[in-house]
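Asker: Mind docking chains B and C on chain A? Use the hints.
Chains as they are written, first to last, in this note's numbering: chain A, 5 to 166; chain B, 5 to 166; chain C, 5 to 166.
Treat the hints with caution; some may be incorrect.
Copies of the same chain are indistinguishable here, so a pair counts whether it falls within one copy or spans any two.
[Unchecked claim] Listed next, the in silico DMTMM-like pairs over lysine to aspartate or glutamate satisfying Cα-Cα at most 25 Å (straight line):
#	residue 1	residue 2
1	Lys121	Glu136
2	Lys138	Glu17
3	Lys121	Glu73
4	Lys59	Asp92
5	Lys59	Asp115
6	Lys138	Asp166
7	Lys59	Asp98
8	Lys138	Glu22
9	Lys59	Glu137
10	Lys59	Glu73
11	Lys59	Glu113
12	Lys121	Asp98
13	Lys138	Glu165
14	Lys59	Asp166
15	Lys138	Glu113
16	Lys138	Asp92
Bear in mind the hints are in silico, worked out from the structure with no lab data behind them.
Please read all numbers here as calculations on a predicted model, not as lab measurements.
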Amino acid sequence: MVNHPQAQAVGAERRLLELGLTLPPPPTPFGAYVEATRTGNLVFFSGMLPVVDRKPRYIGRVGGALTTEDGRNAAETATLSALAAARDFLGSLDRVVRIVKLGVYVATEGDFRDHPKVADGASEMLLSVFGEEKLSGRVVLGVASLPLGVPIELELVLEVED
Amino acid sequence: MVNHPQAQAVGAERRLLELGLTLPPPPTPFGAYVEATRTGNLVFFSGMLPVVDRKPRYIGRVGGALTTEDGRNAAETATLSALAAARDFLGSLDRVVRIVKLGVYVATEGDFRDHPKVADGASEMLLSVFGEEKLSGRVVLGVASLPLGVPIELELVLEVED
Amino acid sequence: MVNHPQAQAVGAERRLLELGLTLPPPPTPFGAYVEATRTGNLVFFSGMLPVVDRKPRYIGRVGGALTTEDGRNAAETATLSALAAARDFLGSLDRVVRIVKLGVYVATEGDFRDHPKVADGASEMLLSVFGEEKLSGRVVLGVASLPLGVPIELELVLEVED
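This is chain A alone, in the form it adopts within the complex:
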């Protein structure tokens, strides 16, 4: 994509189309909670899993049964869920002003150290969709286990339009 002023004005919804990405149905809660909460211009989302239609797409830990590449793919799947949840809550991804926080929690086994490569599965997709100027910081942790046995959970806080 040529980097001229108009390109910067291309919204996230159009970028999604250009990238050929199709969002899954938005996730639904596995308990007594909601998928997103707005306070002022911030929206805090529930943890997003690599789950489609309530079924885990990946099971296991990175560094154990799963490779770094598996983890990266799971991070991409969870990101699509997060985008679906955001569109469902906001009506359109074009209402996202910036990503405020991205947490990437990776279930790991043994002495796995390549968390950043796994997390880039999420970050790079968000970069493609929202552009560099809306990119956030990132908190990446290796955890002992995740709900349903999945290898990845994402935490997302977005700043949205009035």
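Answerer: Showing chains B and C alone in chain A's frame:
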């Protein structure tokens, strides 16, 4: 409870009474930090443990020495601590506009996957006290260990009245 | 330091000098993210590691290869990185109104329970630099692993001046 307009107006303090819940003394810090910080209309609380009078009520990991039911009970105990901390900081739970974030961190062992059932111990109590309209999203992780050896830690961010 | 009104007015940059603390070069990203994002008066930082010039200063888990004291030292090193990132983003640490959130994530092994002692390495340094009136709550977790194999990661949210 009959779901008529007045019922929705019942505050959290009155619901607490109706539920017969008694709050423990508010938690005190285990180090160089405070229990809550306000910025604008948001209050960020310190991690809340299933600890009363500085003594852990539960020790161990869920999926190991502790069952899912133990984990759920520990989540309820930690929620009572969180409510005590919130009342102590705010003066009254009626000043809570909405829950913005609930993090539930469960110390797990082995291939435990029922994190949502454990986390519902916290979510369902918050639902009972604050009502559905103030319920938040939820981030649930299985962690390797927690301070003092407890199985549960809660993270809470609240939006409060001016 | 004598606790008179003027002392409270001493800024964080001057306290840093008085403490003889020298900040390392600010950290740079290990992937597709930025080190800090501002929304309103809040700044959310990326996870801060005990890494200087992209090289880990500590490797291993507390309760395993590393002692509580090692963990505490690693927390201090990560705090210096966080302060360097904050100064780099804000221009001066004197623009910090208060710390809103401090997350301390400790890679642990076995039945380690002294997380608060490790986390105090970060909290006490922040207390020395910013003073008690700007101190935040704290969320401390024991995690399975961290990026690059380090034992500590810090999460920081700051409220800053207009």
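Asker: Confirm or reject each hint.
Answerer: Hint-by-hint comparison with the structure:
For the identical chains of this complex, Lys121 and Glu136 are intra-copy neighbours only, at 18 Å inside a copy versus 38 Å across copies, given an alpha-carbon limit of 25 Å. Taking identical chains as interchangeable, the C-alpha atoms of Lys138 and Glu17 lie at most 25 Å apart only when both belong to the same chain, with a minimum of 14 Å there against 30 Å between chains. In this assembly of identical chains, Lys121 and Glu73 lie within 25 Å of each other by CA distance solely inside one copy; the values are 8 Å within and 30 Å between copies. Taking identical chains as interchangeable, the C-alpha atoms of Lys59 and Asp92 lie at most 25 Å apart only when both belong to the same chain, with a minimum of 19 Å there against 41 Å between chains.
For a Cα distance limit of 25 Å, the shortest separation of Lys59 from Asp115 across copies, 17 Å, qualifies, whereas the shortest one inside one copy, 28 Å, does not. For a Cα distance limit of 25 Å, the shortest separation of Lys138 from Asp166 qualifies both inside one copy, at 16 Å, and across copies, at 20 Å. Taking identical chains as interchangeable, the C-alpha atoms of Lys59 and Asp98 are never at most 25 Å apart, the minima being 28 Å within one chain and 38 Å between chains. Taking the shortest alpha-carbon separations for Lys138 and Glu22, only the intra-copy value of 18 Å comes in at or below 25 Å, while the best inter-copy value is 38 Å.
For a Cα distance limit of 25 Å, the shortest separation of Lys59 from Glu137 qualifies neither inside one copy, at 34 Å, nor across copies, at 28 Å. Taking identical chains as interchangeable, the C-alpha atoms of Lys59 and Glu73 lie at most 25 Å apart whether they share a chain (20 Å) or sit on different chains (24 Å). For the homomeric pair Lys59 and Glu113, the shortest alpha-carbon distances inside one copy (23 Å) and between copies (23 Å) are both at most 25 Å. For a Cα distance limit of 25 Å, the shortest separation of Lys121 from Asp98 qualifies neither inside one copy, at 28 Å, nor across copies, at 35 Å.
Taking the shortest Cα distances, Lys138 and Glu165 sit within 25 Å of each other both inside one copy (13 Å) and across copies (22 Å). Within a single copy, Lys59 and Asp166 get their C-alpha atoms no closer than 35 Å, and across copies no closer than 42 Å, so neither meets the 25 Å cut-off. With identical chains, the CA atoms of Lys138 and Glu113 are never at most 25 Å apart, being 33 Å at best within one copy and 37 Å at best between copies. With identical chains, the CA atoms of Lys138 and Asp92 are at most 25 Å apart both within one copy (20 Å) and between copies (19 Å).
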